[in-house]
Amino acid sequence: MQELDDQMRYVALLDVLGFKSALGTLGVKKLSYIYKSCLKQIEEEHKAEYPTKTITSVIDLKTGIEKLVAEREGVYQAFRYLEQPVVFSDSILIFSKDVTQNSLIEISNFSNLVFQSFLDKGLPIRGVISQGNCVVEETISLYVGDAIVRAVELEKTLDVIGVIVDESVDNSINFDHELLDIQLKCGHKERYRVPRYNPESATRGPYVMWAKFDECREAAPSSLKARYANSEEILSVMVDGKPTGYRDYHERLEEGRLLQEQGLLDEDS
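Numbering-wise, the sequence shown is residues 29 to 297 according to this note's numbering.
FYI, nobody ran anything at the bench for these hints, they're computed from the structure.
Don't take each hint at face value.
[Claimed, not checked] Derived lysine-lysine pairs resembling BS3-like cross-links, with alpha carbons at most 25 Å apart:
#, residue 1, residue 2
1, Lys58, Lys68
2, Lys58, Lys48
3, Lys48, Lys68
4, Lys68, Lys57
5, Lys48, Lys64
6, Lys184, Lys48
7, Lys68, Lys125
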């Protein structure tokens, strides 16, 4: 029997909020289309950020000097520091291949993309990035580790939307400088941030509004920043800046018009 690889990794557990309600409203097929479109958008956004390049050594014919040239390839590289994401019902699991700085940056980027993509479809995400030993065997769908347990337990206690980094993540990494200033080019949204978890402010501060939609952040009532007890009002402020936006979106989803507009459903579906 092949020995299992117990390795230190970052783990992102992302929970799709409102899944049960959306499933009842939309049905399995339409909700699956939404999932598929979100994951496709994530893949495309990543390609735009990280095209692969080939470094070749060439001789300049005029000068005879050898130089290195970076050439973009036609095929884009997938997430280099992450395993294949696991999607199971309302949960999405992402595992890094190690606990390097690049892995933390990439798992943060992936979580950002998931958060935005699903929020754009009316489905908010709540998640935790944790660190710990994990066994990942994709060929037999085996995923075991204390980082998963830690992420699940913390995620259940949060009364927020957004993604946070657990205290288990190595503090030696200059997280604030290296991660929080990353600019993602995703649609019309502004800069995204993944804050560290602070037990003393678990239901206030940056967590609800961590996505940092600058155009509406200051106008949002403090009560909405503190909790998402009324998620419709919060999402309206975050997405549309008006109280009817979220409801109107789901009315369109129910009728299938939005999916047809996006080319995800035929007219007779």
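Hint check:
no.: 1; hint: Lys58 / Lys68; in the structure: holds, 15 Å
no.: 2; hint: Lys58 / Lys48; in the structure: holds, 13 Å
no.: 3; hint: Lys48 / Lys68; in the structure: holds, 22 Å
no.: 4; hint: Lys68 / Lys57; in the structure: holds, 16 Å
no.: 5; hint: Lys48 / Lys64; in the structure: holds, 17 Å
no.: 6; hint: Lys184 / Lys48; in the structure: holds, 16 Å
no.: 7; hint: Lys68 / Lys125; in the structure: holds, 22 Å
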